[in-house]
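Asks: Protein chains in written order, with this note's numbering: chain A, 750 to 1053; chain B, 407 to 714; chain C, 20 to 301.
Hints are computed from structural coordinates only; laboratory data are not their basis.
It cannot be assumed that every hint is accurate.
Below 20 Å or equal to it, Euclidean Cα-Cα: the simulated EDC-like pairs (lysine to aspartate or glutamate) are [said to hold, decoys possible]:
| no. | chain 1 | residue 1 | chain 2 | residue 2 |
| --- | --- | --- | --- | --- |
| 1 | B | Lys690 | A | Glu870 |
| 2 | C | Lys292 | C | Asp97 |
| 3 | A | Lys930 | A | Glu960 |
| 4 | A | Lys930 | A | Asp897 |
| 5 | C | Lys129 | A | Asp830 |
| 6 | C | Lys295 | C | Glu269 |
| 7 | B | Lys690 | A | Asp1041 |
| 8 | B | Lys544 | B | Glu530 |
| 9 | C | Lys28 | B | Glu420 |
| 10 | A | Lys871 | A | Asp852 |
| 11 | C | Lys295 | B | Asp579 |
| 12 | A | Lys822 | A | Asp809 |
| 13 | B | Lys635 | B | Asp700 |
| 14 | C | Lys131 | B | Glu564 |
| 15 | B | Lys635 | A | Asp1041 |
| 16 | A | Lys822 | A | Glu772 |
| 17 | C | Lys131 | B | Asp488 |
| 18 | C | Lys295 | B | Asp489 |
If you're wondering where the values come from, they're calculated on a predicted model, not measured in any experiment.
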Amino acid sequence: MIRIDNLSKWYGQVIGVNDLTFETEPGVTGFLGPNGAGKTTLLRLLTGQLRPSKGSILIDGQPVWNNHAILRKVGYCPELDVFWNYLTGRKFVTGFMRIHGFDSEESQGRAAKAISLMGMEKHQDKKIGSYSRGMRQRIKLAQAIAHDPDVLLLDEPLNGMDPIGRHQTMQLIRRLGEEGKTVIVSSHVLHEIEEMTDTILLINHGSLLAEGNIYEIRRLIDSHPLQVSIMCDNVNILTAKLLEYDDVKSVQFDRQSSRLTAETVSPDEFHMRLPAIALDNGIRIHSLWSPDENLEAVFDYLVR
Amino acid sequence: MSVVLKDFTVKYGEVTAVDHLDVTFQPGSTGLLGANGAGKSSLIKGLLGLVPLAGGTATLFGMDICAENKEIRKSIGYMPEDDCLIPGLSGIGMVQYAGELSGMTGGDAMQRGHEMLFLVGLGEARYRKVETYSRGMKQRVKLAQAIVHDPRLLFLDEPTSGMDPGGRLDMLDLIQHISLSEKMSVVLATHILADVERICKNVVIIHGGRLATQGGMDELKGGYTDAFKVRVEGDGEAFREWLKARGCLVESDGRSHFDVTLPAAATSDLLLEASRSTGVQLRKMIPSIQTLEDVFVKTIEKDKDADI
Amino acid sequence: MPIYEQVYKSRQGMTAATVPAWWIIGRTGIRLSWKKSMVLLLLVSSIPLLFRAVQVYMATKLDVAVDLTGEAGAPLIDAGYFLGFIGGQMFLLIMAMILAGAGLVVNDRKFKALPLYFSKPLDFRDYVSGKFMVIYFYGSLLTLIPSMLLFLIMVLTSRDLAFLKSCYWVPFALIIFTSVILVTMGAVILAVSSAARGARSASIFFFVAMTIPDLFRRVIPGVPGIGLFSITADLQQVGAFVFKRELPFEFPAYWSAGVLAAVIIISYVVIRKRVKPEEVVT
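All chains, please: the whole structure from these sequences, using the hints.
Replies: The following block contains the structure:
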């Protein structure tokens, strides 16, 4: 859906994004990076607000810059909290639908649908100026999804929402992804991204650091062998058995909490072998997880 | 018994933000949760005397917050949500100033100010003007000014808002570190449940200005169940079918994650067996425990009129 | 030999401060207002002071000369001389008020510092007194302190006690009059600073409020009572009353005092309304 080739954007001597090349598939992609990494610049480039200094952005095979037609297929929820405060929520969304070229009736229908999807019916006739931060986020999202775009670009959509709002919005975003939309969503809270998707796009200093499935990305980080933590009966026996194999670099175990943490350089073999070892030796495994196989660890390894 | 609220009410004009609330904050770290407009900030501001009480009382360490307002504030630290700064001062200047205003002598405040700035990681930047600080540094200096006088109670209002992942983790570690000091109790008001889960021992959930639930973190989250959260690598469909054929309830979220409920009398061995038989790697297998989010959503949704 | 860890330590062996909060706020405010422009202004203001000092010194010499001729003329330096000095400082004083006071509250509001202040053990009174201390400090540097210096020079250089006998009350009058000026102007600048959106607009607003009504008074002198609307004119009127001089305007002095009192009260109400720990959003 989105195809970016050698994209760069600079302002004088300041470089915003630097030589990005990637392609996104339909589904939800988590968009990550520290502050100042160039996330907002990239989103602005994607929505045609900025002109690339170099390279190209294609959405659905068409360039984005100076192409109003393609923007009909794009929904954008900016991070900025700047609003037409004197409008009601309903007029705000309806107005945007008119801009997208729908007739008055169609616009109202679409606005009503999007507003109800975001759970804002109760507040749609109040002025936006009186909205709380979470309500503003919802109305911005309603605006982004109302014209049923194929591509959704959401910049920190969960920021300022309360847990209920987050929960509902994350469900909505996941559903949109399952429906085959291309959703790019940025957030600083890694748990939220993890909840929505396994696919990420990680940039830092304007350059692409990683792109794709986080578990595959984790696999590619060779410098850190994968840690596997296991809670089981007979920790010492399992420890001894695991150490028989060369790919296991170390095992730390703690008899008291009956927990061990192994480090392996070959996670595939390790996991294929583990069930057999446990079952054959009658060791009951209560739980099993990799403490550094999550977004937080991946982010940590790549960014720091 | 650090903070006791009785019939505590805060109103803004006609709007009731905190509604006859009775709650006791235990010593240690407490997460204060609630939806937007549930009254978290109003509760803290009411306790600090930043907004007047419309009714009720509260005592901090046995002192009445109205009668002994100034005295109490000597032993409270407050880190507000907004980017609050005292313009014109350097980092150390601002923290020292905050210390002096809290009743420390100039020398003590300066000494401890330096200590606190190193603690929050602003050692290098402490002579710079606070207006030139980045967002994350502003958060840090706000924390430093809140703890410089070694308060017995620290209120944090959304301390990680707007920080990037690295900064958030640093901030949380810092708060946890401080909350482990035996003398100080911490009240953390936030939207981000994961933050509370990470550092708080107790939880207070308020909704519509009233107490929804409260208790220890472990107690609220409840015990283990016979359900597991599982992530596999390989042919997930085969894995799923194998388990289904043996009476398991398997829910998938469309990715490689499954929620598996075992049939009666089965143990986690069944999952290992599934992995061995199908050749699918079992990458994660943890008992489903209620997360704080589950608790929160359940608690709030009991109230059908839940406002946004 | 212990190892000291870099961890959060409780505060130990520290003494409680005895300084009130307003003193700390005032002291810090004075330090922050001590800018290049302020120093320049103080230097400029010392030029008329030097001139007057020379004048006073000469007058005492002249006094001697007058005595020699045996003609007892009116002394050149009397209470009115000090009133005139303070009147002459008025413009510089307005500038100093702007430099020291325009940003005092507005910057705290802009950077949302008020919740920080009011979460500390202090209240509205401490805050406003502290801010007023800044104004009083710089205001005194331009009015009270130089005029007292002049008085001292006069007393020390006079040969006889005639001046002291006739003008012993002048220091008290100076204290009262400068207090009236500084309280009025301080209240206005703090009110303007708490109501404005930025230090710049506060400065402009204060300058206009202090000069424009006075300009009207000078341009259209025929209208009776027009001087009442000028704060500077009212201050002059009260000053003349305090220094037992002929009143410069036709209306009684207590009318002016009433106007000043009203200005102070209105300013106080504005400050009270705007200096709140929490902006109440409804």
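Asks: Hint by hint, say whether it matches the structure.
Replies: Outcome of the hint check:
1. Distance hint between Lys690 of chain B and Glu870 of chain A is unfulfilled; the C-alpha atoms sit about 41 Å from each other, more than 20 Å.
2. For the proposed pair Lys292 of chain C and Asp97 of chain C, the alpha carbon gap of about 44 Å is over 20 Å, so the pair is violated.
3. In summary, the hint linking Lys930 of chain A to Glu960 of chain A is supported, as the alpha carbons are separated by about 18 Å, within the 20 Å threshold.
4. A hinted pair counts as satisfied when its Cα atoms are at most 20 Å apart, and Lys930 of chain A with Asp897 of chain A qualifies at roughly 9 Å.
5. Distance check on the hinted pair: Lys129 of chain C and Asp830 of chain A sit about 18 Å apart at the alpha-carbon level, within 20 Å; holds.
6. Annotation: proposed proximity of Lys295 of chain C to Glu269 of chain C is violated, straight-line Cα distance about 42 Å (limit 20 Å).
7. Distance check on the hinted pair: Lys690 of chain B and Asp1041 of chain A sit about 12 Å apart at the alpha-carbon level, within 20 Å; holds.
8. Between Lys544 of chain B and Glu530 of chain B the alpha-carbon distance is near 14 Å, which keeps this suggested pair within the 20 Å criterion.
9. For the given pair, Lys28 of chain C sits about 44 Å from Glu420 of chain B by alpha-carbon distance, which is inconsistent with the 20 Å threshold.
10. For the suggested pair Lys871 of chain A and Asp852 of chain A, the alpha carbons sit about 25 Å apart, so the restraint of at most 20 Å is broken.
11. Taking the CA atoms of Lys295 of chain C and Asp579 of chain B, the gap is near 33 Å; set against the 20 Å cutoff, the hint is violated.
12. For the suggested pair Lys822 of chain A and Asp809 of chain A, the alpha carbons sit about 9 Å apart, so the restraint of at most 20 Å is met.
13. Of the pairs offered as hints, the one joining Lys635 of chain B and Asp700 of chain B holds, with about 14 Å between alpha carbons and a cut-off of 20 Å not exceeded.
14. Only pairs whose Cα atoms come within 20 Å are accepted, and Lys131 of chain C paired with Glu564 of chain B is accepted, the gap being roughly 16 Å.
15. At roughly 17 Å between alpha-carbon atoms, Lys635 of chain B and Asp1041 of chain A fall within 20 Å of each other, so this suggested pair holds.
16. At roughly 17 Å between alpha-carbon atoms, Lys822 of chain A and Glu772 of chain A fall within 20 Å of each other, so this suggested pair holds.
17. Distance hint between Lys131 of chain C and Asp488 of chain B is fulfilled; the C-alpha atoms sit about 7 Å from each other, no more than 20 Å.
18. The suggested pairing of Lys295 of chain C with Asp489 of chain B holds, with an alpha-carbon distance near 17 Å, which does not exceed 20 Å.
Hint compliance for this structure: hints 1, 2, 6, 9, 10, 11 are not met, and every other hint is.
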